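Given next are the chains, with one letter for each unit.
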Amino acid sequence: MQIRPIFAALRKHRLATFLISMEIALACAVLCNACFLIVNRVQLSHIRSGVDEGALAAIKLTGFDEDQGVDLNARVLNGLARIPGMQSVSVISAVPFSGSPNNAGITTDAEGKQFAGVVNFYSGGPGSFEALGLQLVAGRGPQEGDYQPVVHFVPDDALVWITQSLADHAWPGVDPLGKEFWVGKPHFRVAGVVAHLARPSPGEGGPSTIDWSVFVPSQPGAHFAGTYLLRASPEDLPRVLRDARAAIAKIAPDAVLDTTASQGVGNLRESFFQQDRTMAGILLGVITAMLLVTALGIFGLASFWVQQRRRQIGIRRAIGATRGDILHYFQTENFLIVTGGIVLGMALAFALNIVLMKFYELPRLPLYYLPIGALALWGLGQLAVLGPALRAAAVPPVVATRSV
Amino acid sequence: MFGYNFELAWRGLRHHPRTTLLVVLTMALGLASAMTTLTLLHVLSSDPLPGISQHLYMGWVDSRQLPKAGDSTTGSASGIPSHLKLADAQALLTAHRAPAQVMLTEIIQDVQNDSGGKTQSAVGIAASSGLFPMFGIALLHGRYWTPAEDAAHAPVVVISGGLSREVFGTQDSVGRTLRVGGKPFRVIGVSAKWAPQPHFYGLDLWAFSSSNADSLFLPVGALLDSGLGPFASGGCDDDTPLIFGKVNVPHCRWLSLWVQLNDAAQVAGYRQFLLDYASQQHGAGRFERPPHAKLYSVPGWLALNHVVPDNVRLNVWLAGGFLLLCMVNVAGLLAARFLRRSVEIGVRRALGAPRQAIFAQCVWEAGMAGVLGGALALPLTSFGLWVVRRQHQGYTDLAHLDPLTFAGLFGLALVVGLLVGMLPAWRACRVEPGLQVKSA
Chain P
6 MQIRPIFAAL
16 RKHRLATFLI
26 SMEIALACAV
36 LCNACFLIVN
46 RVQLSHIRSG
56 VDEGALAAIK
66 LTGFDEDQGV
76 DLNARVLNGL
86 ARIPGMQSVS
96 VISAVPFSGS
106 PNNAGITTDA
116 EGKQFAGVVN
126 FYSGGPGSFE
136 ALGLQLVAGR
146 GPQEGDYQPV
156 VHFVPDDALV
166 WITQSLADHA
176 WPGVDPLGKE
186 FWVGKPHFRV
196 AGVVAHLARP
206 SPGEGGPSTI
216 DWSVFVPSQP
226 GAHFAGTYLL
236 RASPEDLPRV
246 LRDARAAIAK
256 IAPDAVLDTT
266 ASQGVGNLRE
276 SFFQQDRTMA
286 GILLGVITAM
296 LLVTALGIFG
306 LASFWVQQRR
316 RQIGIRRAIG
326 ATRGDILHYF
336 QTENFLIVTG
346 GIVLGMALAF
356 ALNIVLMKFY
366 ELPRLPLYYL
376 PIGALALWGL
386 GQLAVLGPAL
396 RAAAVPPVVA
406 TRSV
Chain X
357 MFGYNFELAW
367 RGLRHHPRTT
377 LLVVLTMALG
387 LASAMTTLTL
397 LHVLSSDPLP
407 GISQHLYMGW
417 VDSRQLPKAG
427 DSTTGSASGI
437 PSHLKLADAQ
447 ALLTAHRAPA
457 QVMLTEIIQD
467 VQNDSGGKTQ
477 SAVGIAASSG
487 LFPMFGIALL
497 HGRYWTPAED
507 AAHAPVVVIS
517 GGLSREVFGT
527 QDSVGRTLRV
537 GGKPFRVIGV
547 SAKWAPQPHF
557 YGLDLWAFSS
567 SNADSLFLPV
577 GALLDSGLGP
587 FASGGCDDDT
597 PLIFGKVNVP
607 HCRWLSLWVQ
617 LNDAAQVAGY
627 RQFLLDYASQ
637 QHGAGRFERP
647 PHAKLYSVPG
657 WLALNHVVPD
667 NVRLNVWLAG
677 GFLLLCMVNV
687 AGLLAARFLR
697 RSVEIGVRRA
707 LGAPRQAIFA
717 QCVWEAGMAG
727 VLGGALALPL
737 TSFGLWVVRR
747 QHQGYTDLAH
757 LDPLTFAGLF
767 GLALVVGLLV
777 GMLPAWRACR
787 VEPGLQVKSA
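Here the protein sequences come in this chain order: P and X. The first sequence begins at 6 in the numbering used here and counts up by one. The second sequence begins at 357 in the numbering used here and counts up by one.
Quick caveat, the hints were computed from the structure, so don't treat them as lab data. All of these numbers come straight from a predicted model, not from anything done at the bench. It is possible that part of the hints are untrue.
[Said to hold, decoys possible] Residues from chain P that face chain X, not an exhaustive set, calculated with beta carbons under 8 Å:
id: 1; residue: ALA32
id: 2; residue: ILE287
id: 3; residue: LEU361
Using N, Cα and C, we set each Cβ at its ideal position, and we do this for glycine too.
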């Protein structure tokens, strides 16, 4: 296949060649970035929470007086435990994906100089650590004496369980067991490390901080009441949750049930990532529409060129070119134009990525997206040109003998 | 000439109906995606109180204690301090240094009528008496409270017509007693529906909502006398715990100060006044931090709080990229169409038509394709907005096509059509007449 005559022909159609290349360049830029965004969203929505999501549900009550907290806890714990199928009920400050974080900045020295990041504190009453199903990787589980009364937002001096990723961040390369940290005056000592425990609103503060959680065993009381963790076998959970929500009206008529927050943890996860899924859907729609429009554009122009060159094709056929030669001519031509577009498109993709990084907490576009995008567009171009190229190949040599 | 070009364009479009359809469809898709995202952006960045908000400013002086390690990041949704203590708000208010000023805080309270009816929750504002004229809240019945009632902590309340109907069963409930958090308040006025979007003075509660609106307005003094706390909290001194509905009045920051300033001189003057106040309080030892004051305009405050979600802006970028792609595509298709008519153009040129006439013919045809694309984009945009409304993210409920965006769509369609036609038209008018006539 000779490329020189193709270039010669393209020089005659500078405008159309330029337009198709531009189209491919734009498609390449948008395609790479949109795919990158989708992958980011999907990855975020598949993070590991570290808890037995299918077996857990939350009940959240509001609107009660603070002095009733102790009484409310007793009534709810007793009342809900009676529901058939309920494996455990415990008091907790929040569950993963509930979107109500209890964040505080921690320091690894008492003077407050060594800032170690903003972490989320989960206060959990007796039974909650076991109910969550946290996977202990170092140290021991909380014991009865570890549960201390909540003073401000957590106990003032407590043993805590932290996640592996927080341990690696705060004390890299050191055994975190027994290490201490502070939140102003309140002081904490690490008694154990768990594999994963996602924040109530994972994603805030960047993807690297998703697992920065601290579990503080806490004694339920006036400052620690209203949110309860239910555990049941996954098949019983919907019924248990329904019964629990119904029972609350009788157990705690003075409190208001927060229906959106009183859900299974699996459902909370669904709704938490709803926006990300919608966004991924929109991006997928944009990509589809864009590829379709690009393919139709290439198809339209190629059809025009085939029609315009019917006579030349006929002459080539008459002097000995095979159908395959004609087919390959149009395919090569398309390949060359698309390649030109892709080269420009890669530069555009990086430019667009830089613009998006300004608006978004978005990392730099990984290089391997570019060859994938290029392959996709080469494929698209070949697919779009196949029809017109086949029609060109079908032009009979006799056309050469007719005037247009 | 107008009619002739129009007819030529119309004939041209009918010439190859398949590519015409492709051109119009591509144009419509690009326009519809751009218009859908732009409409959403336009709705979200709209002026909350047209005619009023450009003169509204929020003043803030830094009354926080010195920073401590491990300050909790919870508190205000945005993390931008904006609340004042009661004493400071009152001092700034009584100084009367702006043409109008008001202090306010958001409240959520259970309300009930005087005959023991159903209890329901209502959201509203506790404020000083300047609220109604300053924020443009119209009254349907009765009156709003006076500065004298403010000072006397009179237990009076203004409610919205909607809340009045729900609680009392009638719109005009002036003179009745409303129980707010169990405490009796006398209804002195009924307000018309008032729901600024975005909810700029209470972003902690919501930014955009088609279902929530402030419907309960009462004096700050009466609120405190009844022991009903505010909702907002900008934190308290000495780590005093922060408890919903109860506030340690002298130690917590929970009021925001809004002032009306009519020109740049007044703005500069008020900014200086706030700074002077902060310096004076710092000198007296009340403010621990170095004197620091801020004066936010409404648009500035909204931008600082990222009221328009990032997703919305990103979508505009994406749709813009898509529209550009569609334009390039259409330009290619149009170039093919025009050059296919090289013979016809050659004959026109040979018969004496100047290049401008050929150029005009082609641009006319492109513009017409653009307008047709715009017409088709209208139902597509409505469909796109319907899809957006189905996302239920608070702000999405507001996505409707208004007449202005409708006109904008047609303007955009025409401009896009003409722009897209330029390049192919330029190419077409350079067709050599001799060559074409010879080959024909």
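Checked hints:
Given the 8 Å rule on beta carbons, the hint for ALA32(P) holds: about 6 Å separates it from the nearest Cβ of chain X. Annotation: interface hint on ILE287(P) holds; nearest CB of chain X at approximately 7 Å, less than 8 Å. Using the Cβ-Cβ criterion of 8 Å, the hint placing LEU361(P) at the interface with chain X is satisfied: the shortest such distance is roughly 7 Å.
Consistency with the previously given hints is maintained throughout, with no hint failing.
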